[in-house]
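Novice: In the numbering used here, the protein residues as written are 1 to 208.
The set of hints was computed from the structure by calculation and includes no laboratory data. Cβ coordinates follow ideal geometry from the N, Cα and C atoms, glycine included. The reader is advised that the hints may include incorrect statements.
Below, a list of computed lysine-lysine pairs in the DSBU-like style, where the Cα atoms sit at most 30 Å apart [to be verified]:
| hint | residue 1 | residue 2 |
| --- | --- | --- |
| 1 | K167 | K147 |
| 2 | K108 | K167 |
| 3 | K108 | K155 |
Here are the in silico distance ranges between beta carbons for each label pair [as the list claims (entries may be wrong)]:
| hint | residue 1 | residue 2 | range |
| --- | --- | --- | --- |
| 4 | T149 | R109 | 18 to 24 Å |
| 5 | S207 | S121 | 14 to 20 Å |
| 6 | F198 | G143 | 16 to 22 Å |
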Amino acid sequence: MAGLLSDRRRLWLFAAGVALLAIAAVAVFLLYTPRGSSDRDGGGPSISEEASRSIDASGQAVVTSESVLPGSTTPTAVPGTTPPAGGTSGKVKDTFYVMVSWWDDTEKRPAEDAVVTWGASGSWSPSGTTRAQAARFGPFPVGRTSKLTVYPDGKARRAGVVVLDIKSSMLSGSERDGIHIEVRDDAVRVLGNPVSNFEVIFPRSPSG
Numbered sequence: 001m002a003g004l005l006s007d008r009r010r011l012w013l014f015a016a017g018v019a020l021l022a023i024a025a026v027a028v029f030l031l032y033t034p035r036g037s038s039d040r041d042g043g044g045p046s047i048s049e050e051a052s053r054s055i056d057a058s059g060q061a062v063v064t065s066e067s068v069l070p071g072s073t074t075p076t077a078v079p080g081t082t083p084p085a086g087g088t089s090g091k092v093k094d095t096f097y098v099m100v101s102w103w104d105d106t107e108k109r110p111a112e113d114a115v116v117t118w119g120a121s122g123s124w125s126p127s128g129t130t131r132a133q134a135a136r137f138g139p140f141p142v143g144r145t146s147k148l149t150v151y152p153d154g155k156a157r158r159a160g161v162v163v164l165d166i167k168s169s170m171l172s173g174s175e176r177d178g179i180h181i182e183v184r185d186d187a188v189r190v191l192g193n194p195v196s197n198f199e200v201i202f203p204r205s206p207s208g
């Protein structure tokens, strides 16, 4: 009988020791395991916050250089092209700004005296020594047709009239809804989403 009681006592002591070891192991695990929520709950910025800041910074860089194409210089200031409130890109309710890319693809007859006009007083003279340039034109009304007039050889020579059809779904100041003007030795090609029928080609004045 005494031996049985002794065995039960040892069994209880063993079980108590195992329980204490288990409790100690759990305590150590909880103490040294990093808490994944600490950074998200105030210890640091979340991934989405970091991404948002990066996007904002990129947007600022794009805004400061949007009027210059690779390899080009800053174009001459264009009268009447003050950017709309809230930035230079994005949908504008009643007015629209067109990003125009100018390409001098001539070989023998550079467009040194070229002029582009629009509206009552909008006018831009691309630099005759720079092959690729860009400028923002406007404002233009949304939902109504407007016109650009391109004088590749100066206002005293032949001009091409380009009809613009600007829709409310287009993005003001964007490259996607911008216009390309390509000047060649014998013709001028104007294309882009705001251009009626997307593309217009007209001849240059004869040389001489």
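Novice: Evaluate each hint against the coordinates.
Specialist: Hint check results:
1. K167 to K147: OK: K167 and K147 at ~14 Å, within 30 Å.
2. K108 to K167: 38 Å, violated
3. K108 to K155: Within the cut-off at roughly 20 Å; holds.
4. T149 to R109: 18 to 24 Å: Cβ of T149 to Cβ of R109: about 20 Å, so the range 18 to 24 Å holds.
5. S207 to S121: 14 to 20 Å: 30 Å, violated
6. F198 to G143: 16 to 22 Å: 18 Å, holds
Hints 2 and 5 from the earlier list are contradicted by this structure; the remaining hints agree with it.
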